[in-house]
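Colleague: Protein chains in written order, with our numbering: chain A, 1 to 313; chain B, 314 to 648.
It should be emphasised that the hints constitute simulated quantities derived from the structure, not laboratory data. Owing to the predicted nature of the structure, the values given are computational and were not obtained by experimental measurement. Certain hints may be false.
As the list claims (entries may be wrong) - Distance ranges between label pairs, derived from CB positions: (1) VAL393(B) <-> THR61(A): 57 to 65 Å; (2) GLU627(B) <-> ASP18(A): 50 to 58 Å; (3) MET1(A) <-> ASP384(B): 55 to 63 Å; (4) THR647(B) <-> LEU232(A): 38 to 46 Å; (5) ARG439(B) <-> LEU89(A): 45 to 53 Å.
To be verified - Sample of chain A residues at the chain B side, in silico, Cβ under 7 Å: (6) LEU191; (7) PRO192; (8) THR270; (9) THR271; (10) ARG274; (11) PRO276; (12) GLU305.
Stated by the list, open to error - Derived, one-sided and incomplete: chain B residues facing chain A with beta-carbon distance under 10 Å: (13) ALA373; (14) PHE585; (15) GLY602; (16) ARG607; (17) VAL610; (18) LEU625; (19) GLU627.
From the three backbone atoms N, C-alpha and C, an ideal C-beta is built for every residue, glycine too.
Listed below, chain by chain, are the residues.
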Amino acid sequence: MPLLPALECYLSQLPPHDPDLTVEQLRAWGAAMGFDGVVEPGPELSSVTDREIPVAGGTVTVRVYTPEGEGPKPLHLYLHGGGFCLGTLAMVDDELRFRARDSGCVIVSVAYRLAPECPYPTAVEDSYAALLWCRDHAAELGADAGRLTVGGASAGGNLAAVLCLVSRDRGGPAIRFQLLEIPLTDARGTLPSRTELGQGYGMGKADLDRMGDWYLGTDPRRRVDPYASPLLAEDLTGLPPAFIVTSEYDPLRDEGEAYARRLVEAGVRTTLKRWPGMLHGTHSLTAMLPEAAQWRDTCSRALAEAVRRLRAG
Amino acid sequence: MDPALEALAEQVARLVPRADLGWPEPWLEPAADRTGWAARVAELRAVHNRRVLDGADALAKAAPPVADPADGAEAAAADVREVTIEVAGGTISAQLHLPRGNGPFPAVVHFHGGGFWTGDGAVLRRLDGALCARLSARLTAVVVNVDYRLAPEHKFPQPVEDGYAAVRWLAGHAAEFGVDPGRIAVSGVSAGGTIAAAVCLLARDRAAPSIRFQALLAPALDLSVHLQSEPGGFRDEFRRCIDLYLALWQDRRDPLVSPVHAEDLSGLPDAFIGTGSHDPLRDPAELYGLRLARAGVAATVRRYPATHTVALPETRAARTADLFAALDAALRTTG
Numbered sequence: 001m002p003l004l005p006a007l008e009c010y011l012s013q014l015p016p017h018d019p020d021l022t023v024e025q026l027r028a029w030g031a032a033m034g035f036d037g038v039v040e041p042g043p044e045l046s047s048v049t050d051r052e053i054p055v056a057g058g059t060v061t062v063r064v065y066t067p068e069g070e071g072p073k074p075l076h077l078y079l080h081g082g083g084f085c086l087g088t089l090a091m092v093d094d095e096l097r098f099r100a101r102d103s104g105c106v107i108v109s110v111a112y113r114l115a116p117e118c119p120y121p122t123a124v125e126d127s128y129a130a131l132l133w134c135r136d137h138a139a140e141l142g143a144d145a146g147r148l149t150v151g152g153a154s155a156g157g158n159l160a161a162v163l164c165l166v167s168r169d170r171g172g173p174a175i176r177f178q179l180l181e182i183p184l185t186d187a188r189g190t191l192p193s194r195t196e197l198g199q200g201y202g203m204g205k206a207d208l209d210r211m212g213d214w215y216l217g218t219d220p221r222r223r224v225d226p227y228a229s230p231l232l233a234e235d236l237t238g239l240p241p242a243f244i245v246t247s248e249y250d251p252l253r254d255e256g257e258a259y260a261r262r263l264v265e266a267g268v269r270t271t272l273k274r275w276p277g278m279l280h281g282t283h284s285l286t287a288m289l290p291e292a293a294q295w296r297d298t299c300s301r302a303l304a305e306a307v308r309r310l311r312a313g
Numbered sequence: 314m315d316p317a318l319e320a321l322a323e324q325v326a327r328l329v330p331r332a333d334l335g336w337p338e339p340w341l342e343p344a345a346d347r348t349g350w351a352a353r354v355a356e357l358r359a360v361h362n363r364r365v366l367d368g369a370d371a372l373a374k375a376a377p378p379v380a381d382p383a384d385g386a387e388a389a390a391a392d393v394r395e396v397t398i399e400v401a402g403g404t405i406s407a408q409l410h411l412p413r414g415n416g417p418f419p420a421v422v423h424f425h426g427g428g429f430w431t432g433d434g435a436v437l438r439r440l441d442g443a444l445c446a447r448l449s450a451r452l453t454a455v456v457v458n459v460d461y462r463l464a465p466e467h468k469f470p471q472p473v474e475d476g477y478a479a480v481r482w483l484a485g486h487a488a489e490f491g492v493d494p495g496r497i498a499v500s501g502v503s504a505g506g507t508i509a510a511a512v513c514l515l516a517r518d519r520a521a522p523s524i525r526f527q528a529l530l531a532p533a534l535d536l537s538v539h540l541q542s543e544p545g546g547f548r549d550e551f552r553r554c555i556d557l558y559l560a561l562w563q564d565r566r567d568p569l570v571s572p573v574h575a576e577d578l579s580g581l582p583d584a585f586i587g588t589g590s591h592d593p594l595r596d597p598a599e600l601y602g603l604r605l606a607r608a609g610v611a612a613t614v615r616r617y618p619a620t621h622t623v624a625l626p627e628t629r630a631a632r633t634a635d636l637f638a639a640l641d642a643a644l645r646t647t648g
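Isolated chain A (complex conformation):
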């Protein structure tokens, strides 16, 4: 289907791509955008609290969303998007309030350290440290470490997919489900949609290339490291069931769908849905677009169903 009409208008209001903007300027621009009238305010929960957790060489903040109801609850680790260079806990706060309420999960949202100040593999290792922290503190969070799932969008979808690989490879906590929204899975950036939809559809190839360089450096060997490009991992067997949503007009579309295909070939139960008419990241515009609210609710329901199965055994 064509691009949603509301998004035609949205696109025309985006500032033109400026290759000279620094990461600080990009972050400032993101912070100035605000959420009023764009993102539907999230519901009140039983509690929402920030905690500091230890990571290699420091600490990072995690925000813990606890929905109403008796525990122990399933536990969901969430990694936000922003090209590994941008993104905040606040950016996904409303969305995660809905997700916690509608899935019944305790959600731990991680402010992993960002590039270029902290390049690869800091984000991966911070996320893995958060996964271990979740396992070890599940009881304290009123949650059940046996029902641990991960999720993320865009760069966060990359980290969620990578976490499943890392935890499998290191014999870490069993992750029971992965919810990947518009995930980046191939840092080479060579699949067709990166180019075909790389310009004129909001976030584009130039942005991805620049942030990819900040995160991974310019050594091409880094791009084929499976913990940077999970699509290129040789072995995808033994990974948890996946739910993958892609956007029709997103440069990352093809790599998200290719990852679904490879998971299927590895025997992993995988749900894929390409959302028609959407751009990269516009699933966040829940106050503007009914489709975005549907997307949000679809993902919450998918998570709810996945953890429901775990409860049933």
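Starting from the structure of chain A, add chain B where the hints point.
Modeller: Chain B in isolation, oriented as in the chain A frame:
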């Protein structure tokens, strides 16, 4: 192939050989003795059906199913009855599984496998009937196990139209059986998966009835391939089935024949597709999942270690659990 699966497949093939089976000639042109031909087809079908039941027995004996503690006594207690459904040019029968209570219930219309020309009568009532009884009990759902008419006497599109008529019949009798017409799914195995997928296309294009979910197990979604494969084995059987099902002049890429070739898959119900790692039907079925997803349909695909008909007990249990969970997730909530 996993050695245990390979050994099991060989064991079943040895216990219940198929190479000696006779096959009907496809009905090419009106001959003098159509009645005699139909009688011979019926005889051959009976022999094939017997062999299918023997195969199921052999598999159950060689690799007994894993008991599922979630299956209580309620499965046996469900009300099972025979119903008659009017279709173009006649009637078909179906086995109707009714849960206890007053509803509103979700519903599943199920289509058996058998290469479009076998699997009817006692076969579907026993083999698919057991699955349908469990589905009905576990989902608290009305399940219709459809005895659609078979090729070569009833070639395409009759089996598909029978399937469509069965879903319409259920939607039309929703109040009588306590069915919520907004929560009807279809399911199918092998050729029944082809019919289930085609029925979804028909229901979309004819704008009724509303189908909420499609569950396709080892479906045959591309009947335009495998035509040149060497004789012998499953591929040869597959080719013979297609020749019985389709008229010579039939376009094998018609979307209702080969759903994977449908140009537009948007607006179809969400799907669960189970494939077998060593099933020649695997790739088109997985491709259908991908094509559905690209059209905006949430399509869940899982490839199991299995041939077209044989899987280890734990695989069969996982497959059934996935099927139940997918249908339950799709049908449990109203609206």
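Colleague: All hints, please: hold or fail.
Modeller: Hints and how they fare:
1. For the hinted restraint 57 to 65 Å between VAL393(B) and THR61(A), the CB-CB distance of approximately 59 Å keeps it satisfied.
2. The hinted range of 50 to 58 Å is satisfied by GLU627(B) and ASP18(A), whose Cβ atoms lie roughly 57 Å apart.
3. Hint check: MET1(A) to ASP384(B), Cβ distance near 43 Å, so the stated range 55 to 63 Å is violated.
4. With their beta carbons about 43 Å apart, THR647(B) and LEU232(A) fall inside the hinted range of 38 to 46 Å.
5. Checked against the hint of 45 to 53 Å, the pair ARG439(B) and LEU89(A) fails, with Cβ atoms roughly 57 Å apart.
6. Interface hint at LEU191(A): violated, since its Cβ lies 14 Å from the closest Cβ of chain B, which is beyond the 7 Å cut-off.
7. Because the beta carbon of PRO192(A) sits about 13 Å from the nearest beta carbon in chain B, more than 7 Å, this interface hint is broken.
8. Given the 7 Å rule on beta carbons, the hint for THR270(A) holds: about 6 Å separates it from the nearest Cβ of chain B.
9. Using the Cβ-Cβ criterion of 7 Å, the hint placing THR271(A) at the interface with chain B is satisfied: the shortest such distance is roughly 4 Å.
10. Because the smallest distance between the Cβ of ARG274(A) and any Cβ of chain B comes to about 5 Å, under 7 Å, the interface hint for this residue holds.
11. With its C-beta approaching chain B no nearer than about 4 Å, PRO276(A) sits inside the 7 Å limit, and its interface hint holds.
12. With a cut of 7 Å, the hint placing GLU305(A) at the interface with chain B holds, because the nearest CB-to-CB distance is about 4 Å.
13. A hinted interface residue such as ALA373(B) counts as satisfied when its beta carbon comes closer than 10 Å to some beta carbon of chain A; here the least separation is about 24 Å, so the hint is violated.
14. A least Cβ separation of about 9 Å between PHE585(B) and chain A falls short of the 10 Å threshold, and the interface hint therefore holds.
15. Here the hint on GLY602(B) is kept, as its CB sits about 7 Å from the closest CB of chain A, short of 10 Å.
16. Taking 10 Å as the C-beta cut-off, the interface hint given for ARG607(B) holds, the closest approach to chain A being about 5 Å.
17. Below 10 Å, beta-carbon pairs count as interface contacts, and VAL610(B) has one with chain A at about 7 Å; its hint therefore holds.
18. A distance limit of 10 Å between C-beta atoms decides the matter here; for LEU625(B) the minimum to chain A is near 13 Å, and the interface restraint is violated.
19. Interface hint at GLU627(B): violated, since its Cβ lies 13 Å from the closest Cβ of chain A, which is beyond the 10 Å cut-off.
Taken one by one, the earlier hints fail for this structure at numbers 3, 5, 6, 7, 13, 18, 19, listed in ascending order.
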